[in-house]
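Colleague: As a plain string of letters, each chain reads:
Protein chains: 2
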Amino acid sequence: MFRRTHQTLQNKKKIVVLGGGFGGIYVAMHLQKMLKKIPDYEIVLVNRDNYFVYQPMLADVIGGSVDVLDTVSAIRPLLPKTNLFVREIEAINLEKRMITLAPQFSHTPYCLEYDKLVIAMGNVTDFRGMTGIHEHALPFKNLADSFTIRNQIIDAIESASVETDPELRKKLLTFVVGGGGFSGTEAVAEMNDLVRHMVKEYPSIDPKEVRVILVHSKDRVLNREMSEKLGIYAQNLLLKRGVEIMFNKRLHSATPEEAILDDGTRIPSKTIVSTVPSTPNPLIEAMEELPKTKGKIETDRGLQVKGMENIWALGDCAMVPMADGSFSPPTAQFAIRQAKTVAKNIVASINNTQKCEFNFKALGMLGALGHHRAVAEILGMRFSGIFAWFLWRGIYLMKLPGFARKIKVGVAWALDSFVSRDAVQLKMNSSSGIAPLHYEEGETIFKEGDIGDFLYIIVKGRVAIEKDGHTLAELGQGEYFGEMALLNQKARSATVKCLEATDVLALRKREFGLLISNFEQLKSQFEETDRKRSSSIFGDPPQSKLG
Amino acid sequence: MFRRTHQTLQNKKKIVVLGGGFGGIYVAMHLQKMLKKIPDYEIVLVNRDNYFVYQPMLADVIGGSVDVLDTVSAIRPLLPKTNLFVREIEAINLEKRMITLAPQFSHTPYCLEYDKLVIAMGNVTDFRGMTGIHEHALPFKNLADSFTIRNQIIDAIESASVETDPELRKKLLTFVVGGGGFSGTEAVAEMNDLVRHMVKEYPSIDPKEVRVILVHSKDRVLNREMSEKLGIYAQNLLLKRGVEIMFNKRLHSATPEEAILDDGTRIPSKTIVSTVPSTPNPLIEAMEELPKTKGKIETDRGLQVKGMENIWALGDCAMVPMADGSFSPPTAQFAIRQAKTVAKNIVASINNTQKCEFNFKALGMLGALGHHRAVAEILGMRFSGIFAWFLWRGIYLMKLPGFARKIKVGVAWALDSFVSRDAVQLKMNSSSGIAPLHYEEGETIFKEGDIGDFLYIIVKGRVAIEKDGHTLAELGQGEYFGEMALLNQKARSATVKCLEATDVLALRKREFGLLISNFEQLKSQFEETDRKRSSSIFGDPPQSKLG
Numbered sequence: 001m002f003r004r005t006h007q008t009l010q011n012k013k014k015i016v017v018l019g020g021g022f023g024g025i026y027v028a029m030h031l032q033k034m035l036k037k038i039p040d041y042e043i044v045l046v047n048r049d050n051y052f053v054y055q056p057m058l059a060d061v062i063g064g065s066v067d068v069l070d071t072v073s074a075i076r077p078l079l080p081k082t083n084l085f086v087r088e089i090e091a092i093n094l095e096k097r098m099i100t101l102a103p104q105f106s107h108t109p110y111c112l113e114y115d116k117l118v119i120a121m122g123n124v125t126d127f128r129g130m131t132g133i134h135e136h137a138l139p140f141k142n143l144a145d146s147f148t149i150r151n152q153i154i155d156a157i158e159s160a161s162v163e164t165d166p167e168l169r170k171k172l173l174t175f176v177v178g179g180g181g182f183s184g185t186e187a188v189a190e191m192n193d194l195v196r197h198m199v200k201e202y203p204s205i206d207p208k209e210v211r212v213i214l215v216h217s218k219d220r221v222l223n224r225e226m227s228e229k230l231g232i233y234a235q236n237l238l239l240k241r242g243v244e245i246m247f248n249k250r251l252h253s254a255t256p257e258e259a260i261l262d263d264g265t266r267i268p269s270k271t272i273v274s275t276v277p278s279t280p281n282p283l284i285e286a287m288e289e290l291p292k293t294k295g296k297i298e299t300d301r302g303l304q305v306k307g308m309e310n311i312w313a314l315g316d317c318a319m320v321p322m323a324d325g326s327f328s329p330p331t332a333q334f335a336i337r338q339a340k341t342v343a344k345n346i347v348a349s350i351n352n353t354q355k356c357e358f359n360f361k362a363l364g365m366l367g368a369l370g371h372h373r374a375v376a377e378i379l380g381m382r383f384s385g386i387f388a389w390f391l392w393r394g395i396y397l398m399k400l401p402g403f404a405r406k407i408k409v410g411v412a413w414a415l416d417s418f419v420s421r422d423a424v425q426l427k428m429n430s431s432s433g434i435a436p437l438h439y440e441e442g443e444t445i446f447k448e449g450d451i452g453d454f455l456y457i458i459v460k461g462r463v464a465i466e467k468d469g470h471t472l473a474e475l476g477q478g479e480y481f482g483e484m485a486l487l488n489q490k491a492r493s494a495t496v497k498c499l500e501a502t503d504v505l506a507l508r509k510r511e512f513g514l515l516i517s518n519f520e521q522l523k524s525q526f527e528e529t530d531r532k533r534s535s536s537i538f539g540d541p542p543q544s545k546l547g
Numbered sequence: 001m002f003r004r005t006h007q008t009l010q011n012k013k014k015i016v017v018l019g020g021g022f023g024g025i026y027v028a029m030h031l032q033k034m035l036k037k038i039p040d041y042e043i044v045l046v047n048r049d050n051y052f053v054y055q056p057m058l059a060d061v062i063g064g065s066v067d068v069l070d071t072v073s074a075i076r077p078l079l080p081k082t083n084l085f086v087r088e089i090e091a092i093n094l095e096k097r098m099i100t101l102a103p104q105f106s107h108t109p110y111c112l113e114y115d116k117l118v119i120a121m122g123n124v125t126d127f128r129g130m131t132g133i134h135e136h137a138l139p140f141k142n143l144a145d146s147f148t149i150r151n152q153i154i155d156a157i158e159s160a161s162v163e164t165d166p167e168l169r170k171k172l173l174t175f176v177v178g179g180g181g182f183s184g185t186e187a188v189a190e191m192n193d194l195v196r197h198m199v200k201e202y203p204s205i206d207p208k209e210v211r212v213i214l215v216h217s218k219d220r221v222l223n224r225e226m227s228e229k230l231g232i233y234a235q236n237l238l239l240k241r242g243v244e245i246m247f248n249k250r251l252h253s254a255t256p257e258e259a260i261l262d263d264g265t266r267i268p269s270k271t272i273v274s275t276v277p278s279t280p281n282p283l284i285e286a287m288e289e290l291p292k293t294k295g296k297i298e299t300d301r302g303l304q305v306k307g308m309e310n311i312w313a314l315g316d317c318a319m320v321p322m323a324d325g326s327f328s329p330p331t332a333q334f335a336i337r338q339a340k341t342v343a344k345n346i347v348a349s350i351n352n353t354q355k356c357e358f359n360f361k362a363l364g365m366l367g368a369l370g371h372h373r374a375v376a377e378i379l380g381m382r383f384s385g386i387f388a389w390f391l392w393r394g395i396y397l398m399k400l401p402g403f404a405r406k407i408k409v410g411v412a413w414a415l416d417s418f419v420s421r422d423a424v425q426l427k428m429n430s431s432s433g434i435a436p437l438h439y440e441e442g443e444t445i446f447k448e449g450d451i452g453d454f455l456y457i458i459v460k461g462r463v464a465i466e467k468d469g470h471t472l473a474e475l476g477q478g479e480y481f482g483e484m485a486l487l488n489q490k491a492r493s494a495t496v497k498c499l500e501a502t503d504v505l506a507l508r509k510r511e512f513g514l515l516i517s518n519f520e521q522l523k524s525q526f527e528e529t530d531r532k533r534s535s536s537i538f539g540d541p542p543q544s545k546l547g
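Note that the protein sequences, when read in sequence, are chains A and B.
Residues 1 to 547, numbered by the numbering used here, are exactly what the first sequence covers, in order.
Residues 1 to 547, numbered by the numbering used here, are exactly what the second sequence covers, in order.
Treat the hints with care, as some may be off.
[As the list claims (entries may be wrong)] Below 25 Å or equal to it, Euclidean Cα-Cα: the simulated SDA-like pairs (lysine to any residue) are: (1) Lys218/A x Ala362/A; (2) Lys96/B x Ala362/A; (3) Lys490/A x Leu261/B; (4) Lys467/A x Phe105/B; (5) Lys361/B x Asn11/B; (6) Lys170/B x Ala491/A; (7) Lys509/A x Lys361/B; (8) Lys460/B x Leu261/B.
Derived from the structure by calculation, the hints contain no laboratory data.
Based on the provided sequences and hints, a complete structural model is requested.
Modeller: Here it is as structure tokens:
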């Protein structure tokens, strides 16, 4: 494979930091300050974005109380002495000490060799094993997710405002969040604020039609993060604002039409957000030589990976032991402090000096609850309500880099109370043309008379093609349907219902068109099927099989 | 087809306005004020977004000097007495007086009947007839376009900063804009500012490597929009800031690797922006019963469509005659004034009173040139430089709805001089998995050793598969290549070059995987091809044909 290395990397040895979250950014920041002690080395940071996201503010983006760009800081000005690579990581080869970066604007990968490696790759959302959640629930993890959730809510309300079908209306006005930890409660609080604020402007929507539901597996929210008193305070605040909380239940599966809980409860909804499961980065999973517990990289008390010279791990992807035998929790506070230890120990390992051990006691916990309210536990003291909210915003403002920026954001926030939130929705060019969908037994994929916008291929399950109450055919794995309306540019001529839980691939009209107009074989195959089915639906002698 | 009508639409007669640009929004605003005069009617506005974009600020979004949300206003608060439908329009049936709106969250279309119709649908970007422009040039027309151009520039610079291949580096650091009218000059000015400002932070990029090129078909910029003196002023300002201007040339075609001008000049570039061609909305084209000139709807002097009772047209999609026999130019100033006439005449047609005729003389012209400079011609006076820029921003601020918002935006702008622009790039979930691409003769689609990220299907043209300098095969229309690396998860085993101008469809790895893992026939076909080709490439007796 053709290899490239960077011309500006000055033939120095390289400390490569993977990941630009709190852990990675702070390691690079501390290393920069100590560069004089390690003159033979340079710092390289690899991250998929050129900005750093202040994660705790993501929920505020949903509600729109914070400008999108105010939650992020460009990395380059923060790290002027670091070589930043804005790339996806394709592979990590510990044996060859080589990181392969994904190509961009070309197909040639980029290879980066390291002398010292820092793994701070966090974790990723993982919906494996939860049927349909990957396909139909929105994750809440990064900035794009916040934006997507916000847009989805605005879309749903816009649509509901002109919808006359009572069933669809109900689905559009029901919003479900799975998981009552920090991110779940913050997300549901902001979503609830946005929805209830928005519907006031829609005379056609009765506020009583709106349901915002939090599904939580325990009997109170924030059970792991906050003391009982503050957890209850947060919970009561949510309830008072109109959030329904379903306790001791879990989000189990999702379809385009409903959320299904582990006890079988079905909640018809078009907007399902899941904050629950996260799993280590697949790249970390793939490195079998790393010692791991529950998928997290095991380190010693100096954050060096167990049994590995020259590799350190920190943050959410690492299992870091502390003095009292417990492990560091996966929070920003800890990642930031771990970063300092990592930087010191890398310098110590280069200069053969004394290494240090990581220890830290949490200062406290803060959680925002939307609408100028928050809960906080700091240095043993508990705060709630508007004071905790000011504390929350104040701490954020302190951390914002740049004086003028602080003023700008501060002014924006101060004015926020006077300026009503515009529910403006920026539509970006959307989604892939081939989407996997999951339906449960009895659900309808499309109805006779609907617009033909997708072709469907059955991946798993069985469907019935129905017309005028009669079943015309049953289709199973590998078979497809919906091509008739696409080929003939007309409305659906039959209804398709799922006979069991069914996974399908949906090809959008445009992509279907591109494929069949260019793929001769495919086209004739579709036309043949169409011919057979048409004659069956429109009165010719029925056939036993329509596949 | 199942029909739905709105429950909150109170059995009144409907004035339906199509399009939420300057024309449509102002028609609805004027009608709202006159609702008392037409008690039997209600107003309906259909627009694809729930916000109104202040088009003249779009270029500023590229440069980042204006927050995205400051260029838009939510429509609902502007039009509290109007029924807003946020939908795409699927079809317009003038005979049945019916508008079909695209389904959302369901597959069922929505039908809207009208009594009075206002067409204010503007025009759309049209690259037909320009090879590869649709596929590889970025349009500059709406908010998402500005955002995309900004992201593309940031991506290109990030990539260039670590690129060692001199050819690719050159392509990454060359930015081409086609068209020297208002939008082209504004776009190139902002792009140039952004690029030159950004590269200062990249020690690995020499500012001399950067080229920003404006291609214009005439011998000076803004030739139609501005007097010679101001046009020359604008032009000199651009030149002084480092923009290259190629006069008397047109952008003719584009590939993933270069821009090609009508005189054959080839400019290697990864970032090509085209501001030139626009054409009426296809929905207007489809209505053959409408009288049209050059695709624009012909109206009388009262903006009523010629020969059509109850239908009015205005803005960029209409051909509106004025007192002196000339036609209204397609600018916001005119659309806003036309809107008032349309609203008055609708009310007059309902009440059978005297209709009025449209007339207006342009107040002047304003064009921003980035970096606190602009040109203006107002009421016969000419301004240029920083004063014109303040005028430009001042007029915008005046038009912003809401007092607190004015202050917020004003403060943000004032601080802009102190706060350096963060080149933060928000990546949204990207693009379709099936993309049409255009290559010119001699260009390379991929090289041996590259990462296998796409499967290609040839739509038109011929390619050669080469290895070690030998041609292994030639492929033509309907044939595909690139499946080997995808099936076997390895690097490309050969190089593919275009023997003539070639159009291909590229299927991304993920979508290819979804298709073949679910489409048994396709899979076995690909595997068979792969088997044949492998044996040919890896030393088995050569075959005459590898298709």
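Colleague: Would you mind marking each hint as holding or not holding in the structure?
Modeller: Status of the hints after comparison with the structure:
1. Lys218/A x Ala362/A: 24 Å, holds
2. Lys96/B x Ala362/A: 69 Å, violated
3. Lys490/A x Leu261/B: At roughly 42 Å apart (the allowed maximum being 25 Å), Leu261/B and Lys490/A break the hint.
4. Lys467/A x Phe105/B: It holds: about 23 Å lies between the C-alpha atoms, which stays within 25 Å.
5. Lys361/B x Asn11/B: 40 Å, violated
6. Lys170/B x Ala491/A: Not OK: Lys170/B and Ala491/A at ~50 Å, beyond 25 Å, violated.
7. Lys509/A x Lys361/B: 46 Å, violated
8. Lys460/B x Leu261/B: This hinted pair holds, its Cα atoms lying about 22 Å apart.
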